[in-house]
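Protein chains: 2
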Amino acid sequence: MIMFGAIEAGGTKMVLAVGDNSANIIKTTEVETRTPDETIPDIIKFFSEFDIEGIGIGAFGPICLDRSSVNYGRIGKTPKLDWVDFSWIEAFDNPDYPVVIDTDVNAACIGEVTYGKGRGLKNVIYITVGTGIGVGVYSEGNLLHGMQHPEAGHILLPVNNDDGFEGICPYHKNCFEGLASGPAIQAHYGKKAQLLLDEDEVWQKEADYIGKAIMQYICCYSPEKIILGGGVMHVEKLFPMIREKTLSYMNGYIDTKQMQDMDNYITPAGLKGEQGIKGALYLASRG
Amino acid sequence: MIMFGAIEAGGTKMVLAVGDNSANIIKTTEVETRTPDETIPDIIKFFSEFDIEGIGIGAFGPICLDRSSVNYGRIGKTPKLDWVDFSWIEAFDNPDYPVVIDTDVNAACIGEVTYGKGRGLKNVIYITVGTGIGVGVYSEGNLLHGMQHPEAGHILLPVNNDDGFEGICPYHKNCFEGLASGPAIQAHYGKKAQLLLDEDEVWQKEADYIGKAIMQYICCYSPEKIILGGGVMHVEKLFPMIREKTLSYMNGYIDTKQMQDMDNYITPAGLKGEQGIKGALYLASRG
Chain A
1 MIMFGAIEAG GTKMVLAVGD NSANIIKTTE VETRTPDETI PDIIKFFSEF DIEGIGIGAF
61 GPICLDRSSV NYGRIGKTPK LDWVDFSWIE AFDNPDYPVV IDTDVNAACI GEVTYGKGRG
121 LKNVIYITVG TGIGVGVYSE GNLLHGMQHP EAGHILLPVN NDDGFEGICP YHKNCFEGLA
181 SGPAIQAHYG KKAQLLLDED EVWQKEADYI GKAIMQYICC YSPEKIILGG GVMHVEKLFP
241 MIREKTLSYM NGYIDTKQMQ DMDNYITPAG LKGEQGIKGA LYLASRG
Chain B
1 MIMFGAIEAG GTKMVLAVGD NSANIIKTTE VETRTPDETI PDIIKFFSEF DIEGIGIGAF
61 GPICLDRSSV NYGRIGKTPK LDWVDFSWIE AFDNPDYPVV IDTDVNAACI GEVTYGKGRG
121 LKNVIYITVG TGIGVGVYSE GNLLHGMQHP EAGHILLPVN NDDGFEGICP YHKNCFEGLA
181 SGPAIQAHYG KKAQLLLDED EVWQKEADYI GKAIMQYICC YSPEKIILGG GVMHVEKLFP
241 MIREKTLSYM NGYIDTKQMQ DMDNYITPAG LKGEQGIKGA LYLASRG
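Protein chains in written order, with this note's numbering: chain A, 1 to 287; chain B, 1 to 287.
Hints in this document: simulated from the structure, not taken from any laboratory.
Just so you know, not all the hints are guaranteed correct.
Since the list gives no way to pick out one identical chain from another, each pair is judged satisfied if it fits inside one copy or across any two copies.
[As the list claims (entries may be wrong)] Heads up, simulated DSSO-like pairs for lysine-lysine below, C-alpha to C-alpha not over 27 angstroms straight-line:
1. K117 x K272
2. K237 x K272
3. K77 x K257
4. K80 x K13
5. K117 x K237
6. K173 x K257
7. K122 x K77
Kindly generate the complete structure, drawing on both the sequences and the hints.
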């Protein structure tokens with residue numbers, strides 16, 4: 001059997017997996033994200049037990065994704081200071097297999113497109129709402145990068161919070177991430193999201209932010225389907241509210257047949273948390 | 001010489017041209033946009049004098065751009081009621097050359113990429129600010145369509161107008177087009193934009209809207225260059241203000257080397273109004 005390695009590289013943990021080219025996972029583990037010097041040896045040890053033919057990585061950024069650049073796989077300015085200038089390519093020290101890198105959200109997006117709710121579609125966006133907010137875009141059969149990669153979780157949202165909450169993004173307060181991420185919910189209401197589950201106003205507001213953002217992503221990307229993942233999206237009652245808010249903000253301007261079937265248009269991830277690691281496996285197998 | 005036809009199809013006029021595959025225009029004219037039954041014969045008559053090998057069209061939308069669809073080239077729901085369900089393909093009644101269609105802004109974008117300020121680049125966005133606002137996106141060497149095509153002029157903008165102006169978009173008031181198009185300026189201040197040229201506050205506000213929108217497009221598309229065209233962008237003093245506002249709203253979050261050279265990063269169109277028709281010629285010659 002041909003086997004591949006996959007890394008879902010996050011700021012607090014790295015999920016590692018070995019699997020085949022149909023995303024059947026043979027072995028998986030998690031390692032805590034510390035400094036590269038501490039973390040990378042654990043990763044190399046895990047993969048050394050297998051005869052893998054390539055590694056796919058869905059990584060936090062900013063990161064250079066231009067395969068023609070000498071900096072391909074190198075992390076840029078990030079608040080995770082130990083990882084500034086770290087290179088995923090150099091970390092594996094010229095292995096005899098390809099190392100393929102994309103953003104965490106693009107990996108999750110291609111995971112859902114290949115094995116989850118986006119199967120058979122050419123235009124899908126994947127939005128994660130958790131510790132941060134990010135968007136992976138699959139457009140006309142390709143993952144969208146642009147020059148570097150989108151940072152569409154940082155679009156600005158019109159808000160009018162009568163309680164004075166202005167958002168917590170250190171760069172632009174009232175961006176989507178600054179208003180609606182898990183830490184933003186905690187800052188807004190003074191409690192962790194898990195302790196606010198019964199407070200309907202919190203989730204109406206959260207759905208309002210997400211609906212406003214989705215309306216804009218529909219304008220910018222023209223997707224056939226919108227898939228939502230990340231910790232905050234475990235709150236299932238958000239989905240009907242988000243669908244209603246999205247339609248309300250769009251107000252009929254774009255009205256495709258997909259948007260007439262909102263339960264399928266805006267949907268939870270099908271891979272239930274494995275979209276990132278399975279997407280990274282797919283990136284490895286595609287080479 | 002191999003010749004091609006091009007149409008820049010707008011709501012008030014159609015620009016027609018015949019040219020070669022280097023966008024040298026041999027003959028050009030304009031016809032008023034009336035009903036299809038009145039307008040199309042004029043167009044066919046213009047092209048009938050030439051032995052053309054294909055036609056490229058940059059058209060107002062919404063329009064089906066999926067080449068595999070039977071509806072390719074068909075206009076959807078538009079306030080221009082005479083044109084609802086009109087098909088550009090059927091209009092030319094099976095000619096023996098290809099008819100290639102894209103949005104007006106995508107045609108202008110590929111015009112600038114091929115012959116103007118975007119030459120040599122792979123990731124460019126073109127924004128027109130005029131009667132309406134639209135965005136053409138060229139990403140990793142391809143025009144972006146998604147399922148249908150973006151309508152990124154309709155992203156919502158956070159605003160706080162102390163004079164009570166809320167925007168004029170009939171669908172969502174405070175979208176970019178509803179706040180910053182030519183007709184929005186007129187509605188906001190009660191005078192046509194041309195009569196407001198000396199009023200600095202008007203243009204500070206306009207640059208503020210445009211800067212806010214560009215910040216979001218950078219987050220969504222990660223462009224190497226942003227090219228601005230359309231009637232409102234003839235007000236040259238807007239450019240330095242827009243550059244400053246864009247940087248201010250981005251606040252250092254994305255800080256590429258391109259963004260350290262703002263005079264080149266955010267720039268007027270190089271083809272001085274011919275970007276749409278030359279882009280349509282290019283689409284025809286590319287087939």
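Comparing the hints with the structure gives:
1. K117 x K272: Within one copy only: 11 angstroms inside, 45 angstroms across.
2. K237 x K272: within (16 angstroms within a copy, 52 angstroms between copies)
3. K77 x K257: between (42 angstroms within a copy, 13 angstroms between copies)
4. K80 x K13: within (13 angstroms within a copy, 54 angstroms between copies)
5. K117 x K237: Cα proximity of K117 and K237: one copy only (19 angstroms, versus 48 angstroms across).
6. K173 x K257: Cα proximity of K173 and K257: across copies only (24 angstroms, versus 35 angstroms in one copy).
7. K122 x K77: Between copies only: 23 angstroms across chains, 32 angstroms inside a chain, cut-off 27 angstroms.
The structure shown violates none of the earlier numbered hints.
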